[in-house]
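One letter stands for each residue in the lines below.
2 protein chains.
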Amino acid sequence: MKEKYFVFCFLLISVASHAEDGYRLWLRYDKIDDPITLKEYRNNIEGIQFNSNSPTLGIAKQELINDLSSLLDKKFTDQKTIADKFIVAGTPLTSAIVKTFFSAYNYNLGKEGFVISTKNINGKNLILIAANSDIGVLYGVFEFLRLLQTHQSIKKISIASIPKIQNRILDHWDNLNRTIERGYAGISIWNWHLLPGYIDKRYIDYARAEASVGINGVVLTNVNANSLTLTSEYLIKVKALADVFHPYGIKVYLTPRFSAPIDISKLKTADPLDADVQNWWKQKVDEIYSYIPDFGGFLVKANSEGQPGPQTYNRTHADGANMFADALAPHNGIVMWRAFVYDVRVQKSTENFGEGKVDANALTIASADRAKQAYNEFKPFDGKFRKNVLIQVKNGPIDFQPREPFSPLFGAMHQTPLMVEFQLTQEYLGQATNLVFEAPLFKECLETDTYADGKGSTVAKVVDGTTENYSITGIAGVSNIGNERNWTGHPFGQANWYAFGRLAWDHDLSSEQIADEWLRQTFSNDTYFVDAVKKIMLMSRETMVNYMTPLGLHHIMGTSHHYGPAPWIDNAGRADWNPVYYHRADLIGIGFERTKNGSDAIGQYASEVQKQWEDINTCDERFLLWFHHVAWNFKMKSGRTLWDELCYKYYSGVDSVRWMQKTWDDLKKYVDEERFEQVKMLLAVQEKEAVWWRNACLLYFQTFSKMPIPANYEKPDHDLEYYKSLKFPYAPGIGGNL
Amino acid sequence: MKEKYFVFCFLLISVASHAEDGYRLWLRYDKIDDPITLKEYRNNIEGIQFNSNSPTLGIAKQELINDLSSLLDKKFTDQKTIADKFIVAGTPLTSAIVKTFFSAYNYNLGKEGFVISTKNINGKNLILIAANSDIGVLYGVFEFLRLLQTHQSIKKISIASIPKIQNRILDHWDNLNRTIERGYAGISIWNWHLLPGYIDKRYIDYARAEASVGINGVVLTNVNANSLTLTSEYLIKVKALADVFHPYGIKVYLTPRFSAPIDISKLKTADPLDADVQNWWKQKVDEIYSYIPDFGGFLVKANSEGQPGPQTYNRTHADGANMFADALAPHNGIVMWRAFVYDVRVQKSTENFGEGKVDANALTIASADRAKQAYNEFKPFDGKFRKNVLIQVKNGPIDFQPREPFSPLFGAMHQTPLMVEFQLTQEYLGQATNLVFEAPLFKECLETDTYADGKGSTVAKVVDGTTENYSITGIAGVSNIGNERNWTGHPFGQANWYAFGRLAWDHDLSSEQIADEWLRQTFSNDTYFVDAVKKIMLMSRETMVNYMTPLGLHHIMGTSHHYGPAPWIDNAGRADWNPVYYHRADLIGIGFERTKNGSDAIGQYASEVQKQWEDINTCDERFLLWFHHVAWNFKMKSGRTLWDELCYKYYSGVDSVRWMQKTWDDLKKYVDEERFEQVKMLLAVQEKEAVWWRNACLLYFQTFSKMPIPANYEKPDHDLEYYKSLKFPYAPGIGGNL
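Heads up: the protein sequence lines correspond to chains A and B, in order.
Just so you know, we're using the working numbering here: the first sequence kicks off at 2 and counts up by one.
Just so you know, we're using the working numbering here: the second sequence kicks off at 2 and counts up by one.
Certain hints may be false.
Since the list can't tell identical chains apart, any single copy or any two copies may satisfy a pair.
Unchecked claim - Within a straight-line C-alpha distance of at most 25 angstroms, the following computed DSS-like cross-link-like pairs (lysine-lysine) qualify:
#	residue 1	residue 2
1	Lys165	Lys444
2	Lys112	Lys81
3	Lys636	Lys669
4	Lys112	Lys240
5	Lys202	Lys252
6	Lys252	Lys156
7	Lys202	Lys669
8	Lys681	Lys240
9	Lys156	Lys663
10	Lys681	Lys669
11	Lys536	Lys689
12	Lys388	Lys285
13	Lys75	Lys32
14	Lys689	Lys240
15	Lys32	Lys76
Hints in this document: simulated from the structure, not taken from any laboratory.
Kindly generate the complete structure, drawing on both the sequences and the hints.
Right, dumping it as structure tokens:
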């Protein structure tokens, strides 16, 4: 009782003083608390000159003036006359100084890049924030403010930065009724019912946050699409959002339902080769652009998980994508066509399994491996897509698992631009309660060599166009944002939004640097704190892999809601919705044989890549059970048997969470009370869930291995039947449920 | 574009400075901005002595110290030694001064009352905040802070306050999946999925807000109930919330689904006279109290709108309520049994109408009038309920309409305590977009004389127990709270939460005083601003009645979502779900004949009450069409015909909204930019909706009256077919949808 009472009082205090409720994200701009740094900044910044003649520059100027005034606790205004130690910001069109500077130095900044540079011009020491475009200036302002918020020295700055990828897009799986598919942070921030009349201030704060990390596109609606989105009633609502986003350099995209011509206008077909259908889409697209001149284009999920698509009419993905592309091309819009398809072939090969229990081992593996579907569907159409089509490929071949090898499509499409799609929302990564910093997951994929064009053809270089010379490039993240006060539910979920934006701009940034700068901006510049929490963040993803799906295991989560472990599930409607389909545990061993002896999914990779995985004895153990069915007594590199190694991984995963808890507890004095308690409670939940995962999985796999959990480990505190009995009818993230 | 740009900049500024996002409600406690008042306060408060030995007193003390420090911009702490001009707070058990004070003066404060008094004790001028109980002290602290926030003089205070009603309860219609039935401010703040491990700080802020207005009970779950709530898995979640609320004096209540013994434990029946069923409930209630020793009890909706209940087993409401009452009595729990039932009789009398078009005028009115159902169902059981049962009666006989006469049950149950149930959430009152201050609606009901025990037997006196000597008393408000940042969606929705709490404590407070103090605390003490906005608030409900349902019209809203006008609907599944059932417009006139010539619903009232309404020529015109079917050319008191009066009312409603807009626009300089813009946008939406209501209703009724809209009024800008064509598939507030 006493402890509780103290918690109350602490929380009460934080109400009265400055509440750290997380709403401000990494854009806090509180007064610099280190006196030496503050002094340096005050000494080196005497004033600002910032001519603005557009909404974007107006925003950039206000941002700079407000935040600088707050950081330095010193009033700044826009000054007519430049003096020594001034910041001068603008484009060659708005600032003579910038014009002079750009004449003297040759920068290749493109449409979005910027320069921040300390220069002596006309005898005055200036800090220049300069770009060719208004939006470049805004990006430069945010970068400059980041330097200050992370306490970097500004005595000598020389930064020239341009984004490596053109289209840096956040995908919202938000429905019109404000539910979010796989959303764990409340409901959609888009209040469709109140649009266009009511502009929630949150829309502006959202756009500001996006721009601060360089995100320049937003897909507003769920890929499981609703035709109503395209009615004029909703398009005026979309326009209202687009108007808010426009000055922040953000384009709006929609998800057209393939059957919209039927749904909205009662056409008899949605066949993409039908002239009436093509005409309907052209007119619809023209209508959209009449509302939103800088509309970005479409993201399409077709013929996947029940969505209609061109195959409904015996047409190809290329036929479907090209229909949209032709409608969008006159307006410079693009089509992002998702490669996440696994309908047709699997349905055919598993139709024998019906609704009942699935005998996973009886599957015709060679034809049915879901990991092969995307490649099989799209590889044949390489070169068949219009120039304004990108194929959007999930990072791995299955579905946003804690760990997957990269999708074999990266490196396989030499004539078709590929976007990579990451999932920020933690559908399979502990949802709203687990601290998992995803930058290492993103980086692991981006840095993997596809050997598409010889050594060095990393996924990043495929995606950014270097390897294949794509003329359009893109990267997408599935949003983890909802209407909770702190946007992402878990305070550390914000780091994944931040990391995605930063890597989309520059995939060469290290996970460590991103964690470092996010922590400094979001929490504190204290190096003890930053170093300790950085360790938590950098190990968090591997920790989760260990207690959920070590050694290449995958997709053994609870059916449908994907909450918690359920490796025993064998009665879901489709074979490849069942965990048993993926882990294939039996009395001999465990794992999905994807070599030539099995589904030969491995054959979809370049031969150099295959070599890393094809031999069970040399295979990277992180992917061992992904590619091999391995005997329980197989000798691992550690010297342990596979079973003992599995136990070791699951137990060390839990241990790591406990270490995270202890580390966090020691940091109490560095963190505001509100967020300290919040993270502490969530880490306790995470520890419980990690134990649950470990116990449930090991007890279940033990029914096959028949081997004991080593005696030196703590014993599971429930039996398998208990874990199998758990039900979560209102687990969040599923369509109608929240 | 330019205007938009300015809006951006203003909003941007408010991000950087102190954001008025509405989260702080009326508990802002910013530094007193009036120098004279500030000086008075500083001169009269030199220190605080506040001994605390309980969580409740700890909270009260922190609240007083923090808020006073903030209001006076002067650091206060708890002092050991009392000096002149000290605040001394506590109970006789915690403070010798309070003990002395209570010995000297005789207060009857009960369990929750408090005294705030300036007294000279032992030669020191003190401000005493004293009570018999810890919670009384907390209430006193909030009252004292309210004095300061509203700039009252504190030189001479003498306040003794006790609540007039014992159980002051907020009912949440929140579902376990976080949807809220009739919720318009986001989803439920109860995150069931994360409970009990994660205690959202919002739970504490919620409890604090409730306590600040004296609310002492919370029904956590929807009256359309889910049996899962009563499983131990959920009860530990309920306990976690109860633990947060307990020190704020708030009891937790649940809504048991009548069929829970069947749903949870597979009993064969839920018959309330079955011994196994009774035993099941006793055990379940014992289990609940083992988790939550101060659990409040049950709120039950039975045999209404599809909910199971005792009538399912041919038992009576008394049988059902008494079963729960017997289980709860040993723990001092109460049953609140809702009188909102209209199932059985209406179903019987209208079964001929089937699913198709309803001929409302062909109804057997005498037996089928929904307005009569509650009285008919409950009056016969007066005296048949256990002592710990209250019957919870909606303010009016139909369903939370913009205006209804009071329910005839008030005054009819001499041996059964009645609670009044108001609806704060604006289901029928413009939902999230209309500014409607509900205190005048609550007061209109509470102040009406039922003549139950002779003249002066107002609804308030029935409810507070004065008239009938009830030993238990209660009042309930259906919550308008969701997880939007400002709690209620519309900033002025907060005023309805506030007003409910204040009137539940003291129904003698005037609407004007409540508006006044809410405005001062929530916005500003500037008298020009307060006077102007008070006018808006005080006229807002009448304004809405005028543009929605003037002259006694009711229930002509869109079916199911109740959004917007739809008086033409005649095909809803049940007769009394159809607007045509309620307005009964025909070529002769309009209105529901409820005199002896019709359904004789009027006969359920005392004869003195009947006299006010029974004669069409003298009937209070606010209820004319509620009680009479009136000819279109009937001469109104204004001299206008009924039709012209109807036009006049609808047009003046719109005019009033436009006046509200103009008034608000003139107040720009008194309001922070964020909330100014927010309310401005919402008033613009309200104006559109008012015009929509006016045009749709008049055009529709005109098809019967065949009379012209007077030429001096602006013409409707759409035709009736347009209004009839509008569809809102994702209007919020309906179960699965949000």
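Consistency of the hints with the structure:
| no. | hint | in the structure |
| --- | --- | --- |
| 1 | Lys165 / Lys444 | within (15 angstroms within a copy, 64 angstroms between copies) |
| 2 | Lys112 / Lys81 | neither (27 angstroms within a copy, 67 angstroms between copies) |
| 3 | Lys636 / Lys669 | neither (43 angstroms within a copy, 75 angstroms between copies) |
| 4 | Lys112 / Lys240 | within (24 angstroms within a copy, 57 angstroms between copies) |
| 5 | Lys202 / Lys252 | within (18 angstroms within a copy, 35 angstroms between copies) |
| 6 | Lys252 / Lys156 | neither (36 angstroms within a copy, 60 angstroms between copies) |
| 7 | Lys202 / Lys669 | between (33 angstroms within a copy, 17 angstroms between copies) |
| 8 | Lys681 / Lys240 | between (42 angstroms within a copy, 20 angstroms between copies) |
| 9 | Lys156 / Lys663 | neither (39 angstroms within a copy, 53 angstroms between copies) |
| 10 | Lys681 / Lys669 | within (10 angstroms within a copy, 43 angstroms between copies) |
| 11 | Lys536 / Lys689 | within (21 angstroms within a copy, 55 angstroms between copies) |
| 12 | Lys388 / Lys285 | within (21 angstroms within a copy, 66 angstroms between copies) |
| 13 | Lys75 / Lys32 | both (9 angstroms within a copy, 22 angstroms between copies) |
| 14 | Lys689 / Lys240 | between (45 angstroms within a copy, 19 angstroms between copies) |
| 15 | Lys32 / Lys76 | both (12 angstroms within a copy, 22 angstroms between copies) |
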